[in-house]
Amino acid sequence: MHGRHCCWQQELDSAVKSIKAKRNVFLISPEHSGKSSFLLTLQHSLQKTKSYAPIIFSAEKCIDLKDYVRKNLLRTLEAHDTLFPAPKSILSLSLLEIDSRISGFRISDTAKQSLKLLLMFENDTKVSMEDVVEHLFTFPQLLAAEAKAASVLLLDDAELLQGLKSEKASAAYFFELLNSGGLDSVFVIASSSRLQSDDVDELTLRPLSVEQTRALLKDHEVEVDEKALTTIYNFAGGVPFYINYFGRIIQMSSKKDAASVVSMVEGELDGSLHIYFSEKLKSLSPKELPILFCMAEHKVNTPSRISKLLNYSQTNVRRFLSIMEEKGFVTLKERGVFEIHDPVFRRWLEVQSRS
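Each residue of the sequence shown is one higher than the one before, counting from 10 in this note's numbering.
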């Protein structure tokens, strides 16, 4: 469920202001905080002005770097469908067809060469994957120039780029290009963990308020009484993903009173969410798991307190917390203070630690 109302008008205005000033933006917010929805709203807002050519690049469900290139080349072609009729067919061209098809496009020779490289790189051993990454991120700028618009790339799931590799190259080479000043587009980079880059404007999405929670539910014809609304809000912690999730469950039920909502919401911790969270924990090591459960059960958030409870060294606790931060399980709230930012996941961990 995506709401018709923008829940983050202040953040949207801030992002647009940075884009107009040709400033790159880092959107740093925890998992499930609404980053993808925000980027979609920002894209629609920029498209209305006709001055920008915004494209969302996503790493979701990408297996490796080659997969990432193919997926987002298609998104680039689809965003410029007036230049590229039937964009999906372009990606399936045979080697013999590529030159003749590209020659018919009304784009510059430089853009044609860039597109040719992006279409043929898997069959050309002379092309390095770093060159492919560079062309993937510069090609949209060439197309935007054709439309006399400014290129804006909205990168979702940026924390996944480091893991997308092919032939020893990584999609994270993008950050080297960005820091070297070799890219002309303006970038809005959404990530659930802090990334290394220079001279960018930072933005964080706030949890939704009670009224924004009500509006988001109402957008999808989910109306509940005040007690039920408070239950949903407190349980979801203002996180859009969970508000939407619980909203769908309530929408399918005929019972929308407070008692029924409480039962449905809490029941999910033993249902679908239990399966989801259990699967999520599989990415943690045997040393990391006790730290996470300790934080939830004892409500502790500093390496010193955790180390005393688990009889771990503070050095190891800090190291494992940093690893879990990279994996998106915890966030560094302030120096030496970590938190499990997902309120529903934290509640589930508390329940599991008592069972």
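Simulated from the structure, these hints should not be mistaken for laboratory data.
Hints are supplied without guarantee of correctness; some may be wrong.
Stated by the list, open to error - Mimicking DSS-like on lysine-lysine, the simulated pairs with C-alpha atoms at most 30 Å apart in a straight line are: (1) Lys97 to Lys80; (2) Lys70 to Lys97; (3) Lys80 to Lys227; (4) Lys135 to Lys157; (5) Lys31 to Lys125; (6) Lys227 to Lys57; (7) Lys342 to Lys317; (8) Lys75 to Lys26.
Results for each hint:
The straight-line distance between the Cα atoms of Lys97 and Lys80 is roughly 10 Å, inside the 30 Å bound, and the hint therefore holds. Restraint check for Lys70 and Lys97: satisfied, since their Cα atoms lie roughly 18 Å apart, inside the 30 Å limit. The hinted pair formed by Lys80 and Lys227 fails the criterion: a straight-line CA distance of about 34 Å is larger than 30 Å. A threshold of 30 Å between alpha carbons decides the hint, and for Lys135 with Lys157 the separation of about 33 Å lies outside it, so the pair is violated.
Between Lys31 and Lys125 the CA atoms are separated by roughly 29 Å; this keeps the pair inside 30 Å, and the hint holds. Distance check on the hinted pair: Lys227 and Lys57 sit about 25 Å apart at the alpha-carbon level, within 30 Å; holds. Simply put, Lys342 and Lys317 have alpha-carbon atoms about 21 Å apart, close enough for the 30 Å limit, and the pair holds. With a C-alpha separation of about 34 Å, the suggested pair Lys75 and Lys26 falls outside the 30 Å cut-off, and the hint is violated.
When the structure is compared with the earlier hints, violations turn up for hints 3, 4 and 8 and for no others.
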